[in-house]
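The whole structure should be built from the sequences, with the hints applied where relevant.
Listed in order, the protein sequences are those of chains W and U. Going by my numbering, the first residue of the first sequence is number 1, and it counts up by one from there. Going by my numbering, the first residue of the second sequence is number 172, and it counts up by one from there.
To be clear, the hints were calculated from the coordinates, so they are not data collected in a lab. Since we're looking at a predicted model, the values are computed, not measured. Glycine included, C-beta positions come from ideal geometry on N, C-alpha and C. Warning: the hint list may mix true and false statements.
[What the hints assert, rightly or not] Computed spacing ranges between beta-carbons, pair by pair:
id	chain 1	residue 1	chain 2	residue 2	range
1	W	P52	U	G322	34 to 44 Å
2	U	A199	W	L144	24 to 34 Å
3	W	G123	U	D281	35 to 45 Å
4	U	V231	W	N150	36 to 46 Å
5	W	N5	U	A287	23 to 33 Å
6	W	E82	U	Y174	42 to 52 Å
7	U	T206	W	N50	19 to 29 Å
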Amino acid sequence: MGYVNDTAMSLYVPPTLFHCVTGTWTMAAGQVAGTIVKKVNDANQTSTINIPIPVPSNSVALKGSLLKSIEIDFEIVTAAMEEVTAVVNKVTRGIDTAVAVVAPQTFTYDVGNNSAAKRYAVGKHRMTLTITTPFWVDNDEYVLVELTVNQAGDTGVIELLGAVANYTKRL
Amino acid sequence: MGYVNDTAMSLYVPPTLFHCVTGTWTQAAGAVTDTICMHKAAGAETAVVNIPIMLPSNSVALKGSYLKSIEIDYELKAAGATSVTAVLNKVTRGVDGAVAVVSTPAITQDLAAGSAAATQAKHKLTVTLTTPEWIDNDVYFLLELSLICAGTVTVDILGAVANSTLRI
Numbered sequence: 001m002g003y004v005n006d007t008a009m010s011l012y013v014p015p016t017l018f019h020c021v022t023g024t025w026t027m028a029a030g031q032v033a034g035t036i037v038k039k040v041n042d043a044n045q046t047s048t049i050n051i052p053i054p055v056p057s058n059s060v061a062l063k064g065s066l067l068k069s070i071e072i073d074f075e076i077v078t079a080a081m082e083e084v085t086a087v088v089n090k091v092t093r094g095i096d097t098a099v100a101v102v103a104p105q106t107f108t109y110d111v112g113n114n115s116a117a118k119r120y121a122v123g124k125h126r127m128t129l130t131i132t133t134p135f136w137v138d139n140d141e142y143v144l145v146e147l148t149v150n151q152a153g154d155t156g157v158i159e160l161l162g163a164v165a166n167y168t169k170r171l
Numbered sequence: 172m173g174y175v176n177d178t179a180m181s182l183y184v185p186p187t188l189f190h191c192v193t194g195t196w197t198q199a200a201g202a203v204t205d206t207i208c209m210h211k212a213a214g215a216e217t218a219v220v221n222i223p224i225m226l227p228s229n230s231v232a233l234k235g236s237y238l239k240s241i242e243i244d245y246e247l248k249a250a251g252a253t254s255v256t257a258v259l260n261k262v263t264r265g266v267d268g269a270v271a272v273v274s275t276p277a278i279t280q281d282l283a284a285g286s287a288a289a290t291q292a293k294h295k296l297t298v299t300l301t302t303p304e305w306i307d308n309d310v311y312f313l314l315e316l317s318l319i320c321a322g323t324v325t326v327d328i329l330g331a332v333a334n335s336t337l338r339i
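So this is what it looks like as structure tokens:
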């Protein structure tokens with residue numbers, strides 16, 4: 001039996017997997033021809049976007065996927081937002097009849113997005129969330145990256161191109 | 172340390188992942204009971220469907236997924252389309268502040284765009300990369316399908332399958 005421990009794995013998460021609540025979200029072509037986005041309408045609103053991270057999990061400790069960081073590609077066009085904030089939620093599923101338990105994970109933003117003003121500025125963003133203590137994803141767990149985007153009456157909108165999860169695969 | 176090099180990997184891409192623009196698209200039951208599809212209502216228009224290829228990538232050269240071909244299952248109903256044309260877009264992500272760069276690797280489609288791929292029938296369209304590619308962690312692929320439809324044709328897209336080698 002072989003053994004794999006690849007520390008350089010990544011998984012692209014397309015915007016069609018994103019769960020967008022509040023606002024009118026549509027599929028559209030991206031600013032660059034040949035790219036795709038999910039974009040919200042221009043309105044005074046605060047949207048919540050959850051990005052599922054579908055890396056393989058494993059019921060055996062220290063196997064499956066060691067989630068290390070998540071990168072989110074988005075573009076803010078026309079005018080700045082008032083807030084773009086991320087949370088990395090680890091959801092532990094409940095047994096039958098029991099609720100799930102959510103535990104936010106500690107992370108740091110990359111230097112280009114490590115202040116509120118940097119994150120909500122007009123422009124193209126590749127925002128990296130580095131998990132302070134990477135964790136193996138158990139089969140009873142999954143991960144959602146939650147973005148809060150406050151447009152607050154500005155004329156700007158956000159366009160979401162996708163995300164990439166970086167992990168070690170061990171099996 | 173072990174080593175995996177499996178040349179026969181495939182990944183099903185469900186229609187719920189598809190990015191459909193232009194036309195009225197809805198999730199619907201397929202023509203065969205217990206199948207699912209994205210359904211386009213009749214309308215004279217050019218619909219564009221982007222199919223994200225969610226294969227694992229790798230930052231190390233010659234590792235991860237080696238994309239070889241993509242198969243798309245769809246059905247044209249009521250009438251044939253004018254054409255069904257595939258383009259494979261390779262998107263190289265920009266660093267923070269920079270745009271993505273899109274290139275179009277050479278492909279062949281086994282059903283001709285303006286004839287065999289466009290008839291009123293069930294289709295399994297295979298798109299083969301002329302030069303298969305290892306997917307870098309800064310790259311993703313979108314299979315873009317353009318369907319030029321006259322007013323009566325409806326479209327059901329059932330899903331896609333990406334064929335690759337996995338090396339880890």
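Exercise. Measuring from beta carbon to beta carbon, are G123 of chain W and D281 of chain U in 35 to 45 Å?
Worked result: Holds - the Cβ-Cβ distance for G123 of chain W and D281 of chain U, about 42 Å, lies within 35 to 45 Å.
For this session: With 36 to 46 Å as the target window, see if V231 of chain U and N150 of chain W comply at their CB atoms.
Result: holds (39 Å)
Problem set entry | Satisfaction of the hinted span 23 to 33 Å by the C-beta atoms belonging to N5 of chain W and A287 of chain U | Roughly 46 Å apart at Cβ, these two residues miss the hinted range, so it is violated.
For this session: Mind checking the hinted window 19 to 29 Å against the Cβ distance between T206 of chain U and N50 of chain W?
Result: holds (28 Å)
Problem set entry | P52 of chain W paired with G322 of chain U, Cβ distance criterion 34 to 44 Å | At roughly 38 Å between Cβ atoms, G322 of chain U and P52 of chain W fall inside 34 to 44 Å, so the hint holds.
For this session: Kindly confirm whether 24 to 34 Å is satisfied by the beta carbon distance between A199 of chain U and L144 of chain W.
Result: This hint holds: roughly 28 Å between Cβ atoms.
Exercise. Falls inside 42 to 52 Å, the C-beta gap from E82 of chain W to Y174 of chain U?
Worked result: Holds - the Cβ-Cβ distance for E82 of chain W and Y174 of chain U, about 50 Å, lies within 42 to 52 Å.
In the structure shown, a violation is registered for the earlier hint numbered 5 alone.
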